[in-house]
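Protein chains: 2
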Amino acid sequence: MAKEIERKFLVRGNGWRGMVPAKHYCQGYLSTIKERTVRVRCCGNEAWLTIKSTTQGITRTEFEYPIPPDEARYMIQHLAEQPIIEKYRYCIPLNGLVWEIDEFLGANQGLIVAEVELNHAQDEIILPEWIGEEVSDDPRYYNSNLVSKPFSQW
Amino acid sequence: MAKEIERKFLVRGNGWRGMVPAKHYCQGYLSTIKERTVRVRCCGNEAWLTIKSTTQGITRTEFEYPIPPDEARYMIQHLAEQPIIEKYRYCIPLNGLVWEIDEFLGANQGLIVAEVELNHAQDEIILPEWIGEEVSDDPRYYNSNLVSKPFSQW
Numbered sequence: 001m002a003k004e005i006e007r008k009f010l011v012r013g014n015g016w017r018g019m020v021p022a023k024h025y026c027q028g029y030l031s032t033i034k035e036r037t038v039r040v041r042c043c044g045n046e047a048w049l050t051i052k053s054t055t056q057g058i059t060r061t062e063f064e065y066p067i068p069p070d071e072a073r074y075m076i077q078h079l080a081e082q083p084i085i086e087k088y089r090y091c092i093p094l095n096g097l098v099w100e101i102d103e104f105l106g107a108n109q110g111l112i113v114a115e116v117e118l119n120h121a122q123d124e125i126i127l128p129e130w131i132g133e134e135v136s137d138d139p140r141y142y143n144s145n146l147v148s149k150p151f152s153q154w
Numbered sequence: 001m002a003k004e005i006e007r008k009f010l011v012r013g014n015g016w017r018g019m020v021p022a023k024h025y026c027q028g029y030l031s032t033i034k035e036r037t038v039r040v041r042c043c044g045n046e047a048w049l050t051i052k053s054t055t056q057g058i059t060r061t062e063f064e065y066p067i068p069p070d071e072a073r074y075m076i077q078h079l080a081e082q083p084i085i086e087k088y089r090y091c092i093p094l095n096g097l098v099w100e101i102d103e104f105l106g107a108n109q110g111l112i113v114a115e116v117e118l119n120h121a122q123d124e125i126i127l128p129e130w131i132g133e134e135v136s137d138d139p140r141y142y143n144s145n146l147v148s149k150p151f152s153q154w
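Chains as they are written, first to last, in full-length UniProt numbering: chain A, 1 to 154; chain B, 1 to 154.
Source of the hints: derived by calculation from the structure; they are not laboratory data. Since the model is a prediction, treat every value here as computed from it, not as a measurement. Careful: at least some of the hints might be erroneous.
Any copy will do: because identical chains look the same in the list, a pair fits if it lies in one copy or spans two.
Unchecked claim - Computed cross-link-like contacts, SDA-like style, restricted to lysine to any residue with a CA-CA straight-line distance of at most 25 Å: (1) K3 <-> H78; (2) K3 <-> Y74; (3) K8 <-> L79; (4) K149 <-> R60; (5) K149 <-> Y88; (6) K34 <-> E81; (7) K34 <-> T50; (8) K23 <-> N143; (9) K34 <-> D70; (10) K34 <-> Q77; (11) K3 <-> Q82; (12) K149 <-> E35; (13) K149 <-> Y74; (14) K3 <-> D70; (15) K23 <-> N45; (16) K34 <-> V135; (17) K3 <-> Q77.
From just these sequences and the hints, can you work out the full model?
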């Protein structure tokens, strides 16, 4: 069990590109209700099952378990709500933090967001120049909500 | 991944009691929609996260992963739909099969069902004398449905 404290921002420009290689993420949701989400995620030869609680402010409780990738792929394809979420993730270390930039594909193409995980909700952070508007409080940007209302339909 | 082929029956009388010790099961659901269920189950010092697909006839696809019991207990208490399911389970081997008798507690007290897992949907089975009406096709008896509509409210 972990407490996840995250802030999320839109990304502007391309100043972040070329700094780190991309990882391809493919994920589906077995539950997307607001009380709890259940996510199956694949990245290369690894996969995880992740349960997250309701968001309270920018804090969530999270449980994550590694699972066999072939089982994850079966669940994403056959059990998860459709459409699935596909994205490239770029993990950029800066000033002691790691910025995770998600460049979405498929039904969410065009959406690029950056998340940063904090130790405490009040931690001050230095914003890179490619960081735009904060969207931490906007539920439209939850990955679980990008299934039922993908960016292309906004 | 496993294919689960199960038949379920009501239990009549007490002829099955005293044959094997009871195990206490405590379980909660993170998803109970008909397309898929996500269950967290605790039994003693063991716990599992289980995903099951839609039932097709008496067959379901099932994925089960052991998880730390303290995390399971947290999820059952704080994340799962309420009320949770509590029951005693008795596993009785008979004629090459294992009958799992579930004696429900709490909001489902009074309900006792027996399940038997088969290799093939058409397998013939010898019914013990304490087996009553078959309820394999009755969704009211799905454990996931006993959360929203417990036996005491039928």
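Checked against the structure, which of the hints given earlier come out wrong? none
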